Amino acid sequence: MPANANAAKAVFLAALEQETPADRAAYLDQACAGDDVLRRRVEAMLRAHSRPDSVLDRPAAERLADDPDALDFLEPSAKSGSVGRLGHYEVLEVAGRGGMGIVLRAFDEKLHRVVAIKVLAPLLAGSAAARQRFVREARAAAAVAHEHVVGIYAVEDVGPVPYLVMQFVEGRTLQAKLDGTGPLPLPETLRIGVQVAEGLAAAHKHGLIHRDIKPANILLENGVERVKITDFGLARAADDASLTQSGVVAGTPEYMSPEQAEGKQVDTKSDLFSLGSVLYAMCAGRPPFRAESAVAVLRRVCDDTPRPLREVNPAIPAWLEGLVAKLQAKKPSDRFASAAEVATELSRQLAKLQSGAGSSEAVSAVAQSPPLRPARRPDKRLWVAAALALVVVVGGTWLIAKNWPGGSRPADGGDPDGQPAPTPTQPVVLKPSRTLMRHSAALRILAFSPDGAVLASGGIDKHIFLWDTQTWQVRSTLDGHAGPVVGLAFSPDGTHLASVSTTPDDCLIRIWNVATGRQVDELGDGKSGMLDVAYSPDGKTLACGGWDSQLHLFDVATKNERVIPKVTTRHLRTVSFSPDSRRIATGGSGPTRLWDVATHEEISTPVRLPEDMCPIFLPSGNELACWTFPKGRITLCDLPSGQVRTFWRAHIHPQAIEGLAVSRDGRFLASVGNEGLARVWSTDEQRDDRREVATCIGHEGACYGVAFTPDGTRLATGGHDDHTIRIWDLPEICRVAP
Amino acid sequence: MSDVTRLLESAAAGDRQAAADLFPLVYDELRKFAAARMAEERPGQTLQPTALVHEAYLRLVGDQRFDGRGHFFAAAAEAMRRILVEAARRKGRVKRGGDQKRVGLGDYQVTAGSPAEDILAVDEALTRLAAEDPEAARVVQLHFFAGLSVEEAAEALGISRATAYRQWNFARAWLRCLMDGEGEDNG
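So the sequences go chain by chain: A and B. Per my numbering, residue 1 is the first one in the first sequence, and the count goes up by one each step. Per my numbering, residue 1 is the first one in the second sequence, and the count goes up by one each step.
I should point out that these hints are in silico values taken from the structure, not numbers from a laboratory. As the structure is a prediction and not an experimental result, all values here were calculated from the model. Be aware that a few hints might be false.
Said to hold, decoys possible - Pair by pair, the computed Cβ-Cβ distance ranges are:
#1 A128(A) with L58(B): 23 to 31 Å
#2 A128(A) with A20(B): 38 to 46 Å
#3 K110(A) with L58(B): 40 to 48 Å
#4 A20(B) with G263(A): 57 to 65 Å
#5 R6(B) with A33(A): 53 to 61 Å
To be verified - Sample of chain A residues facing chain B (criterion: CB under 8 Å; computed from the structure):
#6 M45
#7 H49
#8 P59
#9 A60
#10 W547
Glycine residues also receive a C-beta, built at the ideal position from the N, C-alpha and C atoms.
Construct the complete structure from the given sequences, taking the supplied hints into account.
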C-alpha cells in the first residue's frame, strides 16, 4: 500500500503538471497502464483537486467558528433531550436568537421549573463594559415585580458568558400577532395598551427605562393573552457593543423616540413615545414611521408627523388618535406626564367601551388637549445627527430588534385568540396548566400545606396522595382509610396531616407525618363517618364533624376529646376556626352556628345566621363566607354588624356548589360546582358586584374539592368524574402579598 | 534565554528529545492564548491561529529569528491542531448529548456535517495521512490547523514553496478522497 500510495502521489502530482486535459488523459493512459486501481484513485484525487472544498479550503478555526449554534459555553449533559447544561439549568432548546444573544428554554433543576435564559452574545460578552451593563440592567429589571413585566429570576456573571434567567412565557409577541392579523379590534388595542402602560409605569417607578418598547418586546401569554414586557433596559447594554460590527442591523428603529434617534440622553418620556408608536401600530396594523432604510426611518422619526390614525383606520375614535399623537409628540415635555397617566386614561376608556357608554364618541381630556403642532420645517441637523447615531447604534440597540422573542416561544399551532384577558368586568378564562392523574376514582378534597410545598388529595378510591408542588410528582401515598377520604387538614406547622373518611366503617381521624408519609395517630370513638376536619390556627385544637351532627374537639397535645352534641340537625358538613383560634363555625344541615373553643358554649350573633350553610371564616375573623350545597349560592355574613349579604344573586353554579376555598389573604374565593366549573371571585369591598376574576374550564364532569396555594398564584381543583386534579395558574392580582 | 529557546536550539542541533519537550510548553502557552481569544470570539470573527502562534513565539522565544524556528512552528501547529480538535469535541459533545460517535469516514455526509464534525473528520484523516506521508501531513498541520499560508508553512518547514504547494495539493486531494470514502479500496 505505501508503494501504491507513493505511486498515486507521484502520478497525481505529475498529472497536475500537464497543461491541457488531453495531455493529462494521455499521461494517465501511459502512467497507469494496466493498473485500474491506481487510475481510479488518481482520477478521484484529480476530481477532488478541481473542486472547491468547503472544509479544507479554510483554516480549521474559521470553519469551527461557522457554527450558528455556537453553544460551546454549555457544559455537556448526559440527559436525553438536553442540549447541554448551564449552571444548574438543563438547556432544552434554543428558543430564539437575536443580535444580543440567544434565548434558551431550560429547566431549572433546583426549583423544578421551566425558565427562559437569555445569554449575552459573545459579541457583547467580550466587551467588559457591555457585560457590566448587561448585569447591572438585568439586576435593575429584576427589581420590578409586576404582572405585566417578565419576571427576572437570576442574573449570572460567572463563566465565559453572562446570562439572565427569567420567567418562561408561553405565547407569542405582539409583533407576531400584528403580522398575522393586521390592525386589532379597538377593545383589544386598549386592553393591550393598558397593560403595557401599567408595566411601564411599574418600571418607571423604579427609575427603570425600557429603551426598546416595540411589539417584538411585548409578549402575549398564551390562553389569557396577558401582556408581559420583556427586555427592560437591555438595549442599553447593547449600546456598548463594538462599533465595527457593521452590516448586522437586525431590525429597524421604527419604534424609537426622536431623542433616541439623535443619540441624546433619554428618560421615561422616551418609552412613552415608543408606547405611542406601539398603539399606532395596533390601530393601523403597521408602524407609524416606515421607510426603505434605517436611516430614512430615523429621519422620519425625527421630522415627520405620522399619517393621522383616523385616516388609516376610520374606526379609531378621536380621543385615541389624540392620545397617540400626544404620546408621539417630538418634544418629550409635550407628551403625557407618566405611563401611569396613560394607563389610567386607557383603562377608563376601556371601561367606558365595555359598559357600552359609547366608544368613538367618547370625548376625553386628551382629545381636548391642544392639537399638536406638526413639525413643519424639518430640522436638517436632526436627521444628520440621527444618521450618525445609526452608525453608533448599529452594533447596539437594533441588533436586538427582530428575532428577540424574550422568554416567549412562538405559539405552535394553537392560537390563543378568543381567550379574554382579565378586564374590570370580564373574568379571564383559564385552562388548566397541569393535570394530575393518579386517583382511580372521584376526587373529594384537596389541601395545600402551609408552605405550599405539598398538595394533599383525597378521593373515594380511599387513597391520599401527597404531591410535590415543584415536580407535581406523588411523593407519598397514605393508605389506611377504609372509605372515601373527604376531609384533609394540615397542621399549621405543616408537619402533620389529619384526614377523615365518610364511611361508617372508618370513623377514625388519622394523623399522618407529612415527611415520612406514615400514620402516627388515630383519634375518635369511631361511631360514625366524618365529613370535615380542621386544625385551629394555633395548632392546639383539632375539630371534626360528620354524620352524627356532633362537633368533636381534640386537644392536640393530650388527645383529650370534647364532644358538643347536636350542632346541626342532620349532618355537620364544615368546621372552620376563626384566625385567632378562639371561635369555630359549624354548618351543614339546619342552623349555622359559632362556638367558643375554650368554653364550648355557643356564641350568639346579632342576627341568626342563614340555615343550611357551610361557613368558612375569612382571615379578617369578622366575616364568614357561607356556601350552600344544593342551591349554589354564596353568602357573606358580617359578624359584628350581623349584616348578611347574598352577593351572588343568581346561582353561581347552576346545579350545586361542591366546594369553596378562601385565599390566604381573603381577597378571593374559589367555588367549584357540579357542572364542572371552578370560579374565582373577588371579595373586594369596594365593588358592588363581587366580581368574578377567573373562570376555570377543563374538568370533564363535576368538580369537587378546591384549594388555593398559600401564595395565591394557583388553584387546585378535583374532578369527580374525570378523576383528575387540575392546577390553574391564577391572574397575577390573586398573588398574596408576602 | 528562555526554556523554549534553549530547547529550540537543542532541537535545531538535532536533539530529538528537545523537540519532544518543546511541545507541552508551546501547547500550554497556545491554549492559554486560545482560551482567552475564544472567550471574546465574535460572530463573523474567528480565532486567528496564526496570530496566536506568532504571539506565542514572541512570548516564549522573543523577537529573534534562528534556525530552530521551524521546530517551534511544528510544535505550535501540532498544539493548535489539538486545541481545535478539543474545541470541536466539546461542541460535538454538547450537540449530541455526548454519547454518539460522529459519522464515520467514508460517509458522504461528512462534507455536509457540522463544523465540529468536519474538523474531527479532518483530524482523523490527517492521522492516517501522517502514517503514509508525514511531510505532507506537516504541511496540512501548519496550513489547515495553524492557519499559516502555504508559503509560511514552507518557510517553517524549511522546504521550497513549490514543494510546499505540491505537498498541500496532494494532501488536500488525498484527505478529501479519504473523507468521501473514495480510493480506499486500493490496498
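Hints, verified against the model:
{"no.": "1", "hint": "A128(A) with L58(B): 23 to 31 Å", "in the structure": "25 Å, holds"}
{"no.": "2", "hint": "A128(A) with A20(B): 38 to 46 Å", "in the structure": "40 Å, holds"}
{"no.": "3", "hint": "K110(A) with L58(B): 40 to 48 Å", "in the structure": "46 Å, holds"}
{"no.": "4", "hint": "A20(B) with G263(A): 57 to 65 Å", "in the structure": "58 Å, holds"}
{"no.": "5", "hint": "R6(B) with A33(A): 53 to 61 Å", "in the structure": "55 Å, holds"}
{"no.": "6", "hint": "M45", "in the structure": "4 Å, holds"}
{"no.": "7", "hint": "H49", "in the structure": "5 Å, holds"}
{"no.": "8", "hint": "P59", "in the structure": "4 Å, holds"}
{"no.": "9", "hint": "A60", "in the structure": "5 Å, holds"}
{"no.": "10", "hint": "W547", "in the structure": "58 Å, violated"}
Violated hint for the displayed structure: number 10, the only one.
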